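Student: Put chain E on the given structure of chain A with help from the hints.
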Amino acid sequence: AQSVTQLDSHVSVSEGTPVLLRCNYSSSYSPSLFWYVQHPNKGLQLLLKYTSAATLVKGINGFEAEFKKSETSFHLTKPSAHMSDAAEYFCVVGGFSGGYQKVTFGTGTKLQVIP
Amino acid sequence: DVKVTQSSRYLVKRTGEKVFLECVQDMDHENMFWYRQDPGLGLRLIYFSYDVKMKEKGDIPEGYSVSREKKERFSLILESASTNQTSMYLCASSYGTSDTDTQYFGPGTRLTVL
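First to last, the protein sequences are chains A and E.
The C-terminal residue of the first sequence carries number 115 in our numbering, and the numbering is unbroken.
The C-terminal residue of the second sequence carries number 1114 in our numbering, and the numbering is unbroken.
The shape of chain A in the complex, shown without the other chains (with noise of 0.2 Å):
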């Protein structure tokens, strides 16, 4: 079974302030992680997974997230806010179920960003 946790479904930063998305995830097995952004009216995007070969990983558009597999935790981060990053993030856990590809979303945050 796999589950995952986003523990804000709101974050406001100021532009060119840091920017935290906390993601928390449940796993049988070691698992893969992904970081999908959605625009206004758009459809998902990836971000940035993760697949075992390095801990931190970059991503596009200046983000990046470290997988902790003791704090099971893949948070993502960006050192400074730009108004187009303005959307909503989903953290995603991949794995297998019954021979099949099963990916299990989070419920979302949605990143305010004030000029």
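Since the hints were made in silico from the structure, they are not lab data.
Please note that a few of the clues may not be correct.
Derived DEER-like restraints, expressed as beta-carbon distance ranges [claimed, not checked]:
{"#": "1", "chain 1": "E", "residue 1": "T1083", "chain 2": "A", "residue 2": "S84", "range": "34 to 40 Å"}
{"#": "2", "chain 1": "E", "residue 1": "K1070", "chain 2": "A", "residue 2": "K110", "range": "33 to 39 Å"}
{"#": "3", "chain 1": "A", "residue 1": "S30", "chain 2": "E", "residue 2": "M1088", "range": "28 to 34 Å"}
DSSO-like cross-link-like pairs, simulated, lysine-lysine; straight-line CA separation at most 27 Å [what the hints assert, rightly or not]:
{"#": "4", "chain 1": "E", "residue 1": "K1070", "chain 2": "A", "residue 2": "K69"}
{"#": "5", "chain 1": "E", "residue 1": "K1013", "chain 2": "A", "residue 2": "K102"}
{"#": "6", "chain 1": "A", "residue 1": "K102", "chain 2": "E", "residue 2": "K1070"}
Here the structure is a predicted model, which means the values were calculated and not measured.
We treat Cβ as the ideally placed atom computed from N, Cα and C, and that holds for glycine.
Tutor: Here is chain E on its own, set in the frame of chain A:
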């Protein structure tokens, strides 16, 4: 670039109507998925398909069916639409059966059932 297209961005239907949502991908992906997205609930998997004419139930299949007659096309069918099926529907595709495969999403169809 992978492209996943959905037949409609917005759709309004009446209770009891049969509704077809179409999804097409152009990357020869094996897997295709249908999700619904509701505020505060994230994305929930309705059905997925790992091959032509094959389908598997997801977490919330009740009230839905699917069809995959060609590799590039995956249809979601609401046999008799109800108001609780008002939602955003997202289609996705992925290459194979690795748990690290990226899913590529279409823009979504916002369905309103009156």
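Student: Hint by hint, note whether the structure agrees.
Tutor: Hints, one by one, checked against the model:
no., hint, result
1, T1083(E) <-> S84(A): 34 to 40 Å, "holds (36 Å)"
2, K1070(E) <-> K110(A): 33 to 39 Å, "holds (37 Å)"
3, S30(A) <-> M1088(E): 28 to 34 Å, "holds (32 Å)"
4, K1070(E) <-> K69(A), "violated (41 Å)"
5, K1013(E) <-> K102(A), "violated (31 Å)"
6, K102(A) <-> K1070(E), "holds (22 Å)"
Hints 4, 5 from the list above are not met by this structure, while the remaining hints are.
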